[in-house]
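Starting from the given sequences, assemble the full structure and let the hints guide the process.
Quick note, the sequences are listed as chains A and B, same order.
If you count the first sequence from 1, position 77 lands on 77 in our numbering, and the numbers rise without skipping.
If you count the second sequence from 1, position 258 lands on 1258 in our numbering, and the numbers rise without skipping.
Hints listed in this document are in silico derivations from the structure and should not be mistaken for laboratory results.
Do not take every clue at face value.
[Claimed, not checked] Selected chain A positions facing chain B (in silico; Cβ < 8 Å):
| id | residue |
| --- | --- |
| 1 | Lys-4 |
| 2 | Gly-63 |
| 3 | Lys-68 |
| 4 | Ser-75 |
| 5 | Ala-76 |
| 6 | Thr-79 |
| 7 | Gly-82 |
| 8 | Ala-86 |
| 9 | Lys-102 |
| 10 | Gly-122 |
| 11 | Gly-126 |
| 12 | Leu-130 |
| 13 | Gly-176 |
| 14 | Ala-179 |
| 15 | Tyr-180 |
[What the hints assert, rightly or not] SDA-like cross-link-like pairs, simulated, lysine to any residue; straight-line CA separation at most 20 Å:
| id | chain 1 | residue 1 | chain 2 | residue 2 |
| --- | --- | --- | --- | --- |
| 16 | A | Lys-178 | B | Val-1042 |
| 17 | B | Lys-1108 | A | Leu-140 |
| 18 | B | Lys-1108 | A | Ala-150 |
| 19 | A | Lys-185 | B | Val-1042 |
| 20 | A | Lys-136 | B | Asn-1062 |
| 21 | A | Lys-133 | B | Asn-1060 |
| 22 | A | Lys-133 | B | Asn-1050 |
| 23 | A | Lys-38 | B | Gly-1118 |
| 24 | B | Lys-1230 | A | Glu-182 |
| 25 | A | Lys-133 | B | Glu-1061 |
| 26 | B | Lys-1198 | B | Ile-1078 |
| 27 | B | Lys-1108 | A | Ala-71 |
| 28 | A | Lys-38 | B | Glu-1229 |
| 29 | B | Lys-1108 | A | Lys-178 |
| 30 | B | Lys-1108 | A | Ala-142 |
| 31 | A | Lys-185 | B | Ile-1115 |
| 32 | B | Lys-1112 | A | Leu-146 |
| 33 | A | Lys-3 | B | Val-1042 |
| 34 | A | Lys-178 | B | Gly-1087 |
| 35 | B | Lys-1015 | B | Ser-1026 |
| 36 | A | Lys-68 | B | Glu-1019 |
| 37 | A | Lys-68 | B | Asn-1062 |
| 38 | A | Lys-38 | B | Asn-1119 |
Backbone N, C-alpha and C define an ideal beta-carbon position, used for all residues, glycine too.
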Amino acid sequence: MIKKINLPLTAELAKTLKAGDEVLLTGTIYTSRDAGHKRMCESLAKGEPLPFDPTDATIYYVGPTPAKPGAVIGSAGPTTSGRMDAYAPTMMSVGARGMIGKGARLPEVVEAMKKYNGVYFGAIGGAGALLAKCIKSAELIAFEDLGAEALRKLYVEDMPLVVIIDSEGNNLYENGRKAYLEQRK
Amino acid sequence: MREINVSVLTDVIEKLCIEANVHLPSDVKCAIKTCRKCEDGVIAQGVLDNIIENFQIADNENVPICQDTGMACVFLEIGQDVHLVGGDLTEAVNEGVRRGYDKGYLRKSVVKDPIRRGNTGDNTPAMLYTEIVPGENIKITVGPKGFGSENMSMIRMFKPSAGLQGIKDFILEVVETAGPNPCPPMVVGVGIGGTFDKCALLAKKALMRPLDSKNPDPYYADLEEEMLEKINMLGIGPQGFGGKTTAIGLNIETLPTHIAGMPCAVNINCHVTRHKTEVI
Chain A
1 MIKKINLPLT AELAKTLKAG DEVLLTGTIY TSRDAGHKRM CESLAKGEPL
51 PFDPTDATIY YVGPTPAKPG AVIGSAGPTT SGRMDAYAPT MMSVGARGMI
101 GKGARLPEVV EAMKKYNGVY FGAIGGAGAL LAKCIKSAEL IAFEDLGAEA
151 LRKLYVEDMP LVVIIDSEGN NLYENGRKAY LEQRK
Chain B
1001 MREINVSVLT DVIEKLCIEA NVHLPSDVKC AIKTCRKCED GVIAQGVLDN
1051 IIENFQIADN ENVPICQDTG MACVFLEIGQ DVHLVGGDLT EAVNEGVRRG
1101 YDKGYLRKSV VKDPIRRGNT GDNTPAMLYT EIVPGENIKI TVGPKGFGSE
1151 NMSMIRMFKP SAGLQGIKDF ILEVVETAGP NPCPPMVVGV GIGGTFDKCA
1201 LLAKKALMRP LDSKNPDPYY ADLEEEMLEK INMLGIGPQG FGGKTTAIGL
1251 NIETLPTHIA GMPCAVNINC HVTRHKTEVI
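Structural data, given as structure tokens:
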């Protein structure tokens, strides 16, 4: 069964989500990749505020293609999350709870997720044209000089995602593969 | 001797950059659809359906299939009876990439220095590979290469004693290590032989070969089939969520090599394996 969830991602909501759940996500999310995360973590180290309120926020690891005239955004699928592993625990420590991306995470990220009730969602890598259809508005809010890597505020409706790692540390990459191999026996 | 103005190459490369990023090659589409029919994983079936829907949207709405519109790998096979006139070839190629990525609303993903970074703003320079061949034509292939998968590629210099088994184990090791990161289902390009650098190039060229083709040497054609089957026994599946379809294709290219060596490179690509060719 597909779960419909509405943001913000409170701790209570996060705890109801389990690895392997297919969800349709609606609400406001923020985009950031390597360069944006680096800047945000440097700001936090200096005691400066972030360009958005991180409380219960969800960050989408994406660098979209430029929007064609009349379009909200260009193609917008996830990038490899592992490159944000160096920054994700810091982001969670200030309240950011949801992460949308693809690919494996380091154990220290999973530990931080358990500590802060974080949830790691997977979007389909390479399905940028399909995912862009769920994005109803996009607003550039910081780091314009980073181009595709600039920080954007998006409003998404029914964005199709799968919970890859839940707040208890259960991991679909491990469980899903194991379950499939057992099913095939 | 046939004279070709380099501006002709600029125009063709501009067009190929856009077409390659918007329309998935028919052999790749066909391979994905065939794999969907054989897929027995439940989540995996849904993922493959979404992947098929995605390339259909890209086709119908003329938008990039994936937001990582890649580094522009440009392969030129230049006939030795061609005389290029009208300017600098490399600049003409870069101008084609510059225009294509601008007019096609493609993402600019190139930084000007590997350590100091800084986006070049126009997706140049192209990664240009030139080869002199007989004849008076130029074969132009543009293969935009995303880095989610490029980052999971590897090369190893084997001792000859490692033999065929060493190569087989290495291919599986690279795919296993890549796991969910390169947006599986993957396409696997394998280069065996040559020197360190030529071996890596072979692997990249293997990714440009259609998935419905086979290595002309039956020994390697059999190895392609065997390794694809073995990869699809790993259970990684589409997006790494578990399933049969870990790879939709595997191509092997080889070259003679030194008596002391057996290099092997494995270049990983995602299901958005793009390449478009035109001959002028």
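_Hint check, failures only_ = 1, 8, 28, 29, 31, 34
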